[in-house]
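A.B. asks: Work out the full structure: start from the sequences and follow the hints.
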Amino acid sequence: MRINWLTIVIFFLLVGASSVYGALRVDFSQKDRAVFVDNSREVKDVVGYLVFWDMDADEGLGEPEYISYVAGKWRNGLFPISEKAFDAVVVKHLKIADKTPECPQGHRCFLGAALVPLQGKSSDIEISLYPMNFEAALERLKGQWLFATDAPYVGLDSLDEMLVPSVSQEASPIGTEEKPNSTNSEKEVPVTEKPDIYRLSGNMLLYANTAAGLFEVISLASPEAPVIKGSISIPGEIREVYELNGYYVVLSGGDTNTTILTMKLWERGIEVVDSLTLDRGFRESRRRDNLIFVVAGGRLYSEPWIMDATPKSIIDEGAIIEAVRVSGDGRLEKVDTAIIPTPPTKIAIFKDWLVTVHEPDVLDSGEILRAYPIGDPEDPIGKAREVLVNGTIPSDLHIDCRVRNGKDVLVFVARPLWSSSHEGSSLYVYDLDSGRMITALSGIAPGEELYATVFSADRAYVVTYERKDPLWVIDLSMPEEPKIVGELEVPGWSEKLFFHEDRLLAAGYMDIDSNAMRASLVSIGLFDVSNPEKPRLVSRITPFDGVVQSSYSEALYDERALNLDWNQGILAFPLETWQAGAGHWVQAIGIDKDGLEDLGHAALPFRAERTFWFDQGAYLAAFSPRELVTFKPGDGDIGTFSRIPLVTAVDMLESSREGRLVGVSVTGETVYRLYVFDTRSLIETGKADESILEDIPIPTGFSNAIIAGNGRSVLFYNLFPFRFIVYSEGAGLRGPFELEKKDEIASIPGCSMYDPLFSGELAVIPFYCYTPDSKDVLVWNDLPFYAVKIVNFSDLEKKTETGFPFITVPGKPVALDDKGRLVTVEDFRTDTGDFAVRVNLLEVSDSTISLLDTVVLDHWPSNCGGLEAVMAGDSLFIQCKGPLWYPSPMSVDSEAKGYSLKGKDAQLDELTERTVIYEVSVSDEGLMLPRRFFFDGLYSLVKVEPKSRLAIFMKDFSPFVPASSRMVAPFSQNRCVIFDLSGDEPELVGQINTNYCYDRRRLAITPDGGVFIAAGERGVAYDRCYKTN
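Going by the UniProt record's numbering, the first residue of the sequence shown is number 1, and it counts up by one from there.
Rather than coming from a laboratory, the hints here were simulated on the basis of the structure. The beta-carbon is built from N, C-alpha and C at its ideal position, and this holds for glycine as well. Hints are all accurate, no fakes.
With a Cα cut of at most 25 angstroms, we get these calculated BS3-like pairs of lysine-lysine:
1. 334 <-> 264
2. 351 <-> 407
3. 95 <-> 142
4. 84 <-> 95
5. 383 <-> 351
6. 947 <-> 819
7. 95 <-> 44
8. 351 <-> 334
9. 142 <-> 92
10. 264 <-> 229
11. 92 <-> 73
12. 687 <-> 229
13. 73 <-> 31
14. 407 <-> 383
Derived Cβ-Cβ restraints for the label pairs, each shown as a range:
15. 434 <-> 362: 19 to 29 angstroms
16. 637 <-> 595: 15 to 25 angstroms
17. 998 <-> 202: 36 to 46 angstroms
18. 45 <-> 75: 21 to 31 angstroms
19. 75 <-> 359: 34 to 44 angstroms
20. 363 <-> 680: 51 to 61 angstroms
21. 31 <-> 361: 31 to 41 angstroms
22. 634 <-> 202: 18 to 28 angstroms
23. 847 <-> 720: 18 to 28 angstroms
24. 632 <-> 534: 37 to 47 angstroms
C.D. replies: See below:
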C-alpha cells in the first residue's frame, strides 16, 4: 500500500502541541518490557504505527531516532506496523509487542503509537506517548499521559504555614517566615523571601514587565480605575522585584551581566537611587532581611557550535553567590562572595541557611546539595556543608532547614536515580553542624513518581503518583527516627501542597477516565490532617469538569501564580482551557476548615501571568504584560470591574496618509486596540505612547485584523462564527456585524476557509473545496476548486439579512487592488508539459464575479520551491523561491562539502540558490506583461513600498564552518535587507535590524527607506536601512 508522506511525518509534527488525551493509549510493563494498547473508539481504514522514539539520537553516531515495530520485529526507521490498512476496534490492555529497544543513558525516549486514517483531517489522528525514562517524563507532548515534575517551587519557609503572594495586610508577605513559638520573645525571626515578577505594597502594584522592558508602579486605590503612577525602562531582562526600607529593588540581566537597581517613586515619577552591576549572567536571587543573595554566572559558550571545529571564543563565566546589602537609604553594597563550581538548579532560603542543589557531572549519579550558613553578620556566606544526594531533589519545596531538638537539621525528599527507580523515593535527615547524615527513610512508594512535598513543624507531607495520588504523612517529631504514620489514596495527582494549621491544600490534576470523556483537568483539593494517621479529603473543586477535556494553570508549575490568603479564606489562579470552551480564565475559590467554595471564574482577553486579591479580598485582579483587569466577586459571579492597558502594544502596522501610521494590538486570540500614530513624533521621541493621535478600544469577540494596503481602513473579524467590525478613516467603527446562521461559513461541506482579503469597502473570503458538495456551485468533475464569499461593507444591514453568495473563482485568491478588483493565481502544465503560472484579474460585484483579464508567466522555473504573492499599489509581485539547499553530507563522520577557507576564518561560500520575482502591473486596461528580477541566493519577499518601489526581503544564509568540520546538522539564520526595484535590475540598498522580518504585518516602509516595526509590548521601533559591506 502506498502511503502519502504526510501520514508518516504528521505524528511527529503534532507531538510538539499541548498534551491531550484521545481514544488510543499505549502502555508499557517494566517487568517484562511488554507493550499494551487500549482503544476506546472504532476507526475504519487506519494505518497503525508503534514506534520507539529517541529524541536525543545522533544519527551521525549510528543512533536511530525512530525504531518501528513491523511484522513482529523492531526495525530502524519510521514504518507502519503493516503494509495494509485495517479497522481499529475497541480493545483493552491488548499486548501487541515485547522486548522494546533500550534507551541510551541520558536520552529522552518515548514509546509512541498512532492511528492515521486514510481519509480525514489531521485532527482525526490518534496519538499516544509513553515516556520510557524520567528525562522523557519531564516533557509535555501531545498524547503523553505519564508525567514527572522537576519544576522550581517557590522557597517559602514558614514554620507551620506556607503562603504564596498574599495581598492581605494581615497575611504574611510572600516567602516570609512566621515567628515561631519561642521563649525568647525579644529575638526577631529573620524575614526570608523568594521574589516574583510583582509585589503588592499597600494599594500599589509593583510589576516587572519583562516583555516590555519596564518596571511599573500602578495605583489600585480606585479599583474601578487603576492608574499607572510611574514606569521606567530597565536594561536587560527584568525578572524580580523586592521592596525594602521603602525602596523598590529590581533585578535584571542577560547572558553576561546582572543589574541591581534601587528606586523611589516621587510625584515626578520613578527615580533610580543606586545601581550595582555584576559581570556575570543573572540567574535568580533570595532575600534574608536586608541582604539579597544573587546567583549569577555559570554559562559556558563555544563558537562555532560545530563538532571538531576550532572555537573562535570560549566564555566560561563561572558561578557566584553575591551577598548584596540594601541600606536604609537605598544604597547597594557588596558584602560577601562565594565561588561555586557549577550553577545551581534549585535554591532555597531559610532562617539561617541558604541551600543550593547542583546537577552531577556524571549521568545517573546523585545531585550535589550545598548548605551555606547565612546567620552571621560578620560572615554572611559561611562555609558550605556539602551533601551527595543519592537521587534527585525535584524542587526547593522538597527541602527543609530548621531547628529540631536543639539542632540545625536538614531534611529533604529525593526521587531515586533512574537506574533504581523501582526502589521508591527517600527522605534524608542531616545534622547541619557536622554535615553528617542522621538517618534516612527509604522505599517511599516503590515504582511511583515523586511529586509535591510540604513540611510543617513536626511532619512532612509527600505526594507520589502512578495511577492514583497517594498522600503520605511522615512523622518528624523525632528527626532521628522518621516514620510513615498515615496514607490516603485519591484520584489524580498533586503538583503543589500548602499547609495551614490542620489543613492541607493541594493543587494538581484530576484524571477523568470514563466512556464519555478522558480528561486531565486542573483540580484543587482540601485535606484534613488533624489526625495524621487518617488524613481525609474534605472537598475538591475541578473547574470545567464535564465541559472541556484539558486545562492548565501556571500555578501548578510556579506556585507564585496561585494567590492564597488563609486569613481571608480565598485563593485565585489563572487557568487555560482547550477543546470546546477554550479560553483564558481567572478562577476564584473560597476556603475554610469545612471545605472549598467555587466563587466562579471570569473570562480574560489574555493569558494571565498572575492573579491576586487586594483591598482585604474585596477585589481580584489579573494581569499580562499588556493589560490589567480588576474584578469584584459577588453572589457566585465575577464581573469585570475595569480594564487598563499597561503598555502601548503594537502587533500590526501600515502606513496611512503622509505622517500617519495605523497600528493594531492583538493579545492571544483577541484584538483589543487600534492606534493611529504621528510618524514624526515616533521618530523624534521613540515612544509610542507619546505619539498617539487616536486610541480606539475594540469590543471583545474578534480574533484577528487586516489593515488595508493604503492604511486607511481596518477589518476586525472572527471566523467561527464570521463576525466583523470595520474601521474607516474619518468614519470610525461600524458594526459589529454577523452572518446569519443559514449563511454560516462552517456549514459549507468539504471546504476550508482562509483569512479574508480586504480593501476599503470590500472583503473577499477565500475557500479551497475538496469535494463538490455545494448545490449552488456548478462542478464538472471531482477536481478541487477555489471559491469566495463577497462582503460589501456599503450595504451591510441588507446583506446580513439576505446572505452572502458563494462563487467559484479561477485559481487561488491572493489580493484585492485599490479599486476592489480580485487577483487570483494558479499554476498549471502547458501543452509541452512545462510548469506555468496564470494571473487572473476579476471584477467583483455584490453577487457575481467576472473575468477581466489573464496573463501567463512563461519561463516559470520547474524547480520553484514556493510561490508567494505581494500586492503593492498597482503592481503584483510574485515570487519563485529556489529549492532549499543544505550543506552535505549530514553525517558527523564525513567531510562537509561546499565550503572553502578564506584567510584565517573558515566561511561558507555563497550558495547557488536563486530567487526570481515577477512583477505584473494591474491597470485600468487590465494586466500588463510581467517584468522579472533575479537574485542570487535565497530571499523571501516581505513587503514593497509602492511609490519608491523599495522592497523588504528576508535573506536566508548558512553558518560559517570550517571546510573539514564534521557537522551534526545544518542550520540557517536570516537578516532583513532592502532592495530598490525601480530599475531594470534589483539594487541592494542596505539592511535593517529587526527580529520581525518574517512578518509583513509588523513592518511599514516609507518612501525614503525608513522602516517602522511593530515590536509588541515594546511599542513601535524605527530604523533606517544602512549600507551593507
